[in-house]
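Visitor: Chain V is already provided as a structure; the job is to place chain C on it using the hints.
Protein chains: 2
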Amino acid sequence: MQTKITELFGIQHPIIQGGMVWCSGWRLASAVSEAGGLGLLGAGSMHPDTLRYHIQQCKQATRKPFGVNVPLLYPEIERIMHIIMEENVPIVFTSAGSPKTWTSTLQSKGIKVAHVVSNPLFAQKSEQAGVDALVAEGFEAGGHNGREELTTFCLIPMVRAVTQLPLIAAGGVHSRASYRAALVLGADCVQIGTRFALSEESSAHPEFKSFCRNLQPGQTQLMLKRITPTRLAENPFAKQVQEAERAGADEMQLSALLGKGRAKKGIFEGDLIEGELEIGQVAGSSKRAETVADIFADLI
Amino acid sequence: MQTKITELFGIQHPIIQGGMVWCSGWRLASAVSEAGGLGLLGAGSMHPDTLRYHIQQCKQATRKPFGVNVPLLYPEIERIMHIIMEENVPIVFTSAGSPKTWTSTLQSKGIKVAHVVSNPLFAQKSEQAGVDALVAEGFEAGGHNGREELTTFCLIPMVRAVTQLPLIAAGGVHSRASYRAALVLGADCVQIGTRFALSEESSAHPEFKSFCRNLQPGQTQLMLKRITPTRLAENPFAKQVQEAERAGADEMQLSALLGKGRAKKGIFEGDLIEGELEIGQVAGSSKRAETVADIFADLI
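Chains as they are written, first to last, in our numbering: chain V, 149 to 448; chain C, 149 to 448.
Pulled out of the complex, with its shape left as it was, chain V reads as follows:
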């Protein structure tokens, strides 16, 4: 299937694997790109040298296009961006920050830039900043999320109404039905996070994957809204957060409760008690373990 996005990125299928902390290293990203989609390395959980290693491994594992997802608030953003340019990564997805800062610099090196938005106003601002494509991500997505709480079903038509830029729908895309529905809503492509996060090639811990596959509908919730709204699976840590929030905890108290390294602990180390388990609403929709090839076979 050809769309504006397959043409822009030179890929076979309009399916992108979201860049996700502690899940999307070179194994996952290269497998998705080899399957004809677009794989993204998640720079958000990598030190600059680790990112360089994953980019180099990715280049060895596939000759097809791949990209890097970069949260713009990353402390070592300058080094990250220079590594991406030095290594000739062809595609960058930016999020959590202003698209004005890096878009033209990256584009001057021939890099295509997509920016992640959670409302139509940010979509218009991103277009003014000159991005090549938009990712519109809904409330149902795992991990960090927008404050507007606009769902994929509402957000995609709203963004489509204000811009003709190539548009990627993210949040809740899981099955062939939701993939097709996202295109009907006005998207040119889908970005899938949760299903790939739980695939064999994801670097997430096996305990995390199996826990998430067995979640019941409704067992993820958007929390930590006073810091950064984040969708987490229910576990003892999430319960602590919800209790603190119900009791009126402020930003400082929530930051103290969160501490450092909780996402690594939960996703990468498989600590299901103390860890922060970032995952989307569709987590329990695939009960069995599957590879990237299985997922593409199911979707296409």
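Calculated directly from the structure, the hints in this document are not laboratory data. Errors might be hidden in some of the hints.
Note: identical chains are not told apart, hence a pair may lie in one copy or across any two.
[To be verified] Below, a list of computed lysine-lysine pairs in the BS3-like style, where the Cα atoms sit at most 25 Å apart:
1) 273 <-> 412
2) 207 <-> 257
3) 412 <-> 373
4) 408 <-> 373
5) 387 <-> 373
Guide: Structure of chain C alone, referenced to chain V:
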């Protein structure tokens, strides 16, 4: 377009107007039924005698099928149900309660029963209770809402995966694109609330309608989660609720703040300061005033 729902209810288009407090009296419901959809009276805001009046007016205004939406926790539920049976209303949508209580009684009078659910487990329980159809309503819907916060985009495939019952998608359906997408996700029909609530034939106050049409994306939020999760437009009353919730207000404090008659005040009397403005995420998606006929012309 013929689907399981058009056959079940004997209607022309798979488009249902949601039963909504203070919006859907006989004028709105009969206009939707006359246009070939299914209009629903919203019994939630009617005294029993008022409901009987609206049923009788509806019968005079259209010979086509129409229905009544009944929240099962309604205090005068016995009287409401007897009026519906006496008046030979052909279709009842039940919500907010167990579908076991009334389904077989209504069906014994030849009435078709649909029940509103917010997760696939309730869908299975409703099927066991013998309902004829299901409404699966997502997080983006206005007014009272499920605790699971499952979005329409996630919920419809989840419900479709557990039952083959005729399925109506609700929450965020507004345009031709979202109508088509809901069917692709697995629904047999859509239920539209917000767009009809703001139509000319709705009994909501003109000030309420015009305020809602001008909301920006993200200016509705789900709140009052400790009582009944309710999607409200941002206004001074909603701000008070959010501040109380942030400060850790408990159920009793929130109930006291809410008091009685806030929805009537906001929706029916047009008090944009003190009223509870129940409306969905897509409220601002139609900027201009429109009739039921305009809406059908746009959707079909």
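Visitor: Determine for every hint whether it applies to the structure shown.
Guide: Each hint, compared with the structure:
1. 273 <-> 412: neither (32 Å within a copy, 39 Å between copies)
2. 207 <-> 257: Cα proximity of residue 207 and residue 257: one copy only (18 Å, versus 69 Å across).
3. 412 <-> 373: Classified as within; 20 Å inside a copy, 30 Å across copies.
4. 408 <-> 373: Within one copy, since 17 Å is at most 25 Å while 29 Å is not.
5. 387 <-> 373: both (14 Å within a copy, 16 Å between copies)
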